[in-house]
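With the hints as constraints, model all of the structure from the sequences given.
Protein chains in written order, with numbering that gives the first Met the number 0: chain A, 0 to 513; chain B, 0 to 185.
Treat the hints as calculated values from the structure; they're not laboratory data. Take the hints with a grain of salt, since some may be wrong.
[As the list claims (entries may be wrong)] Straight-line Cα separation of at most 25 Å, DSS-like style, residue types lysine-lysine; simulated pairs:
(1) A/K473 to A/K486
(2) B/K47 to A/K415
(3) A/K486 to A/K252
(4) A/K383 to B/K33
(5) A/K100 to A/K171
(6) B/K110 to B/K47
(7) B/K94 to B/K57
(8) B/K35 to A/K383
(9) A/K153 to A/K93
[As the list claims (entries may be wrong)] Simulated restraints, written as ranges between beta carbons of each label pair:
(10) B/N150 to A/S370: 33 to 41 Å
(11) A/K504 to B/K33: 44 to 52 Å
(12) B/P96 to A/D283: 32 to 40 Å
(13) B/A26 to A/G319: 53 to 61 Å
(14) A/Y83 to B/T40: 37 to 45 Å
(15) A/K504 to B/D146: 35 to 43 Å
(16) A/R490 to B/R106: 35 to 43 Å
(17) B/E158 to A/R42: 31 to 39 Å
(18) A/M32 to B/P96: 56 to 64 Å
(19) A/A249 to B/G76: 42 to 50 Å
(20) A/K153 to B/P96: 54 to 62 Å
(21) B/N155 to A/K504: 34 to 42 Å
[What the hints assert, rightly or not] Some chain A residues judged to face chain B by a derived CB distance under 8 Å, without partners named:
(22) I143
(23) R337
(24) I380
(25) V387
(26) T391
(27) W413
(28) G420
(29) V423
All residues carry an ideal CB built from backbone N, CA and C; glycine is no exception.
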Amino acid sequence: MRTNHKSLIVVLLLVSAIIISMINVKEGTEAAMRVAIDPDIPRTWDSAAMHSFELPLADAKASPRAVSEDYYYRMPERTIYKTYPVYHPDHEPKGYREWLKQQEPEIVFDAKNLKTEADWIEAGKLIFDYPIDTLGAILSQGQIDDREYYKYTKVRLTKDGVFPYARYVITKKGEVKLGNLSCGMCHTRVMNDGSILKGAQGNFPGDLTTAHALQNAPERVTQFVTRALFAAPWVKNDPHSLLASSSKEAIIKAYAAVPEGANGRQGTSILFPPQVPDLIGVKDRKYFDHGGLGRHRDIGDMMRYIAINQALDFLNSYDGYIPIGQNEKVLPEPGKARRGFAADDRYSEEQLYALAKFVYSLTPPVNPNKSSAITERGKTIFIKEGCVTCHTPPVFTNNKLTPADGFEVPEDHWDKYDIFGVSVGTDPNYTLTTRRGTGYYKIPSLRGVWYRGPFFHNAWLATLEDVFDPRRLKEDYTPTAFKSGEKQAVRGHEFGLTLSEKDRKALIAYLRTL
Amino acid sequence: MLRVSVLIFYVFILSAKATAQSPILPAESSIMFKIKNAGFTVDGSFSKPEGTILFDVKNLAESSINASVESATIQTGIERRDRHLRGREYFDSPKYPKITMQSKSFRQVSKNRFVGVFDLTIRDVTKQVEVPFTVSKKGMRKTFKGDFQLNRLDYNIGETSMVLSDDVHISIELIVDEKGSSAILN
Numbered sequence: 000m001r002t003n004h005k006s007l008i009v010v011l012l013l014v015s016a017i018i019i020s021m022i023n024v025k026e027g028t029e030a031a032m033r034v035a036i037d038p039d040i041p042r043t044w045d046s047a048a049m050h051s052f053e054l055p056l057a058d059a060k061a062s063p064r065a066v067s068e069d070y071y072y073r074m075p076e077r078t079i080y081k082t083y084p085v086y087h088p089d090h091e092p093k094g095y096r097e098w099l100k101q102q103e104p105e106i107v108f109d110a111k112n113l114k115t116e117a118d119w120i121e122a123g124k125l126i127f128d129y130p131i132d133t134l135g136a137i138l139s140q141g142q143i144d145d146r147e148y149y150k151y152t153k154v155r156l157t158k159d160g161v162f163p164y165a166r167y168v169i170t171k172k173g174e175v176k177l178g179n180l181s182c183g184m185c186h187t188r189v190m191n192d193g194s195i196l197k198g199a200q201g202n203f204p205g206d207l208t209t210a211h212a213l214q215n216a217p218e219r220v221t222q223f224v225t226r227a228l229f230a231a232p233w234v235k236n237d238p239h240s241l242l243a244s245s246s247k248e249a250i251i252k253a254y255a256a257v258p259e260g261a262n263g264r265q266g267t268s269i270l271f272p273p274q275v276p277d278l279i280g281v282k283d284r285k286y287f288d289h290g291g292l293g294r295h296r297d298i299g300d301m302m303r304y305i306a307i308n309q310a311l312d313f314l315n316s317y318d319g320y321i322p323i324g325q326n327e328k329v330l331p332e333p334g335k336a337r338r339g340f341a342a343d344d345r346y347s348e349e350q351l352y353a354l355a356k357f358v359y360s361l362t363p364p365v366n367p368n369k370s371s372a373i374t375e376r377g378k379t380i381f382i383k384e385g386c387v388t389c390h391t392p393p394v395f396t397n398n399k400l401t402p403a404d405g406f407e408v409p410e411d412h413w414d415k416y417d418i419f420g421v422s423v424g425t426d427p428n429y430t431l432t433t434r435r436g437t438g439y440y441k442i443p444s445l446r447g448v449w450y451r452g453p454f455f456h457n458a459w460l461a462t463l464e465d466v467f468d469p470r471r472l473k474e475d476y477t478p479t480a481f482k483s484g485e486k487q488a489v490r491g492h493e494f495g496l497t498l499s500e501k502d503r504k505a506l507i508a509y510l511r512t513l
Numbered sequence: 000m001l002r003v004s005v006l007i008f009y010v011f012i013l014s015a016k017a018t019a020q021s022p023i024l025p026a027e028s029s030i031m032f033k034i035k036n037a038g039f040t041v042d043g044s045f046s047k048p049e050g051t052i053l054f055d056v057k058n059l060a061e062s063s064i065n066a067s068v069e070s071a072t073i074q075t076g077i078e079r080r081d082r083h084l085r086g087r088e089y090f091d092s093p094k095y096p097k098i099t100m101q102s103k104s105f106r107q108v109s110k111n112r113f114v115g116v117f118d119l120t121i122r123d124v125t126k127q128v129e130v131p132f133t134v135s136k137k138g139m140r141k142t143f144k145g146d147f148q149l150n151r152l153d154y155n156i157g158e159t160s161m162v163l164s165d166d167v168h169i170s171i172e173l174i175v176d177e178k179g180s181s182a183i184l185n
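See the structure below:
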């Protein structure tokens, strides 16, 4: 009995020591965040760094040439004002708009006030949600006020009725503008319980919103916008140029087909729409974009990627083709780019640094899926089926690029990039026919698949069960998320399709614990 | 004269015995390997090894085992993985189609147990390996069974990995039928 007591005391002491050490680590981390820092902020548009930042495109001669360092730094910097939430018409507090009109504009980002790591991250969060467009690039005030818009798009709201993908901006007292194109517009996920997950694979139905907006637009506007967003005229029989010259109805149909969780942002596609990337954990990944277009060597690359995506790649030259250039050929003066594309100004270096810090700080929510005998069985299957080779713990990606079918790896790439030299046979169109297509696909991390979806780079499959459903290989299959309009097989990544039902369930249960 | 003729005859017989090469039977021979991946063992194989064996217990100095196998025959049970293994990062089969083993010397450790020193060539790397093996005979068939371990990184097979072990365990079983032997006089 005394021995049992002794054992109990030893166990209690050990547990106490572990808890105390965990508290110390947490407190230590929090204390470190409060220490004043003097950050060494990289130069974003450094010519040498920019030159080696992106991979060449699948057709190397059309590889993007970004604007020059001189051009970039002659563009005006963005000013970050305080923003305010947007509500569904039935949830907006009474008198809210009038109250907004009484508010003074307030500049909320000033690098001089940022002393600690925590300050920089908090400031980055403001920029993450700061709209870089107030002209209605995707979403208009008319749509926000129109209940039919919500029915058409089935857009998700928070449990308080907030529309979390946009914010109101006040840059002048009395003028309340609906803001678009914040990072948060695409990288905010409303969970099933109405809570919000920042940085996750977002679920704003952006292309459905565009489809809704274009219903009242002239056909030529519909065509112009689609061409500026997606055309890749050097591609043989470019499907995006073809789409952009189609009828308004055909174009709207293509936008409307893109499901939530996928997004045809500029340079990508609505014909092969990419999954919205999950930014949580991006610090551990070596490439950006589904095609691995951008390299991630340090925080400077993170800043470059943000600057390019928000939205300087509209000014890239692709073998002479400049998407929003004059006559698609001539670069406009710095700061004078066609309005509505957010390419007429830029983030400051400090803003980009803060934003990158915020993105790096994102952490996943507490996973409700706990380990069990079934998940342990699933883990064994995960290893034995060879999943672990590409989806290597602890990041659950080996951070490599796989060539798509139809792309021959150029000799010099083997030493320059991280190549996993076999295709997994998924649809090659995104990476062979878009302005961001390198010929490769990035091997994705499986971290957080429990809160994400749809899956595969073109967002065909709504659930993990669909990913492991062998019926998806048949021609008469109807994809469960992105549907291009016809029945079609979802080929490639044919791992785990021959597992027994019991093993398949165990594997999926394990994946949901990651 | 007769004594000289008898002597020449014996020399001829001994010489013929020592140099009788038997072709390896590809379909009946096997090369298996095991490697740990994330703590679990992956089994794989190469198929249809070829070559010749000339093995005389009483004349190890003149004995030889020369075998080769096509690297593209690798199989691990997952077709996409096999395709990857045939590629440039692993065996690069189009460029280095053959894996070869050529004996350099043998020593006997017990009645049927031997150790051979071989030049093992994978890709463009040749290294010496020691392979303990047994020899058994049933009728005219001889079976050579050996096991050894190598570090795949020594042969530029893949790269350092957090999950894939460097060490690979190889098991070789080569079968010859001495009916098919060819005597070489030299």
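Here is how each hint holds up against the structure:
1. For the hint pairing A/K473 with A/K486, the CA-to-CA distance comes to about 9 Å; that is within 25 Å, so the pair holds.
2. Annotation: proposed proximity of B/K47 to A/K415 is violated, straight-line Cα distance about 37 Å (limit 25 Å).
3. In summary, the hint linking A/K486 to A/K252 is supported, as the alpha carbons are separated by about 16 Å, within the 25 Å threshold.
4. With a C-alpha separation of about 13 Å, the suggested pairing of A/K383 with B/K33 holds against the 25 Å cut-off.
5. For the proposed pair A/K100 and A/K171, the alpha carbon gap of about 9 Å is at most 25 Å, so the pair holds.
6. Distance check on the hinted pair: B/K110 and B/K47 sit about 29 Å apart at the alpha-carbon level, beyond 25 Å; violated.
7. For the hint pairing B/K94 with B/K57, the CA-to-CA distance comes to about 40 Å; that exceeds 25 Å, so the pair is violated.
8. For the proposed pair B/K35 and A/K383, the alpha carbon gap of about 10 Å is at most 25 Å, so the pair holds.
9. Of the pairs offered as hints, the one joining A/K153 and A/K93 holds, with about 24 Å between alpha carbons and a cut-off of 25 Å not exceeded.
10. Between B/N150 and A/S370 the beta carbons are some 34 Å apart, a value that agrees with the proposed interval 33 to 41 Å.
11. For A/K504 paired with B/K33, a C-beta distance near 29 Å fails the hint of 44 to 52 Å.
12. The hinted range of 32 to 40 Å is satisfied by B/P96 and A/D283, whose Cβ atoms lie roughly 38 Å apart.
13. Remark: the range hint 53 to 61 Å for B/A26 to A/G319 is upheld by a beta-carbon distance near 60 Å.
14. Judged by the Cβ atoms, the range 37 to 45 Å given for A/Y83 and B/T40 is violated: they are separated by roughly 59 Å.
15. Taking the beta carbon of each, A/K504 and B/D146 are about 39 Å apart, inside 35 to 43 Å as hinted.
16. At roughly 55 Å, the beta-carbon separation of A/R490 and B/R106 lies outside the given 35 to 43 Å, and the hint is violated.
17. In this structure the hint that B/E158 and A/R42 lie 31 to 39 Å apart at CB holds, the actual value being about 33 Å.
18. About 57 Å separates the C-beta atoms of A/M32 and B/P96, a value consistent with the hinted range of 56 to 64 Å.
19. A hinted range of 42 to 50 Å for the beta carbons of A/A249 and B/G76 is consistent with their spacing of about 46 Å.
20. One distance hint, 54 to 62 Å for the beta-carbon pair A/K153 and B/P96, holds here, with the actual separation near 57 Å.
21. With their beta carbons about 40 Å apart, B/N155 and A/K504 fall inside the hinted range of 34 to 42 Å.
22. Interface restraint check for A/I143: the shortest CB-CB distance to chain B comes to about 47 Å, outside 8 Å, so the restraint is violated.
23. For A/R337, the interface hint is violated, since its Cβ never comes within 8 Å of a Cβ in chain B; the closest pair sits about 45 Å apart.
24. At about 10 Å, the closest approach between the beta carbon of A/I380 and any beta carbon in chain B exceeds 8 Å, and the interface hint on this residue is violated.
25. The beta carbon of A/V387 comes within 4 Å of a beta carbon in chain B, closer than 8 Å, and the hint placing it at the interface holds.
26. Satisfaction of the interface hint for A/T391 is found here, the shortest Cβ-Cβ separation to chain B being roughly 6 Å, below the 8 Å cut-off.
27. Checking A/W413 against chain B by beta carbon gives a least distance of about 7 Å; that is within 8 Å, so the hint holds.
28. With its C-beta approaching chain B no nearer than about 4 Å, A/G420 sits inside the 8 Å limit, and its interface hint holds.
29. Because the smallest distance between the Cβ of A/V423 and any Cβ of chain B comes to about 6 Å, under 8 Å, the interface hint for this residue holds.
Checked against the numbered hints listed earlier, the structure breaks hints 2, 6, 7, 11, 14, 16, 22, 23 and 24; every other hint is satisfied.
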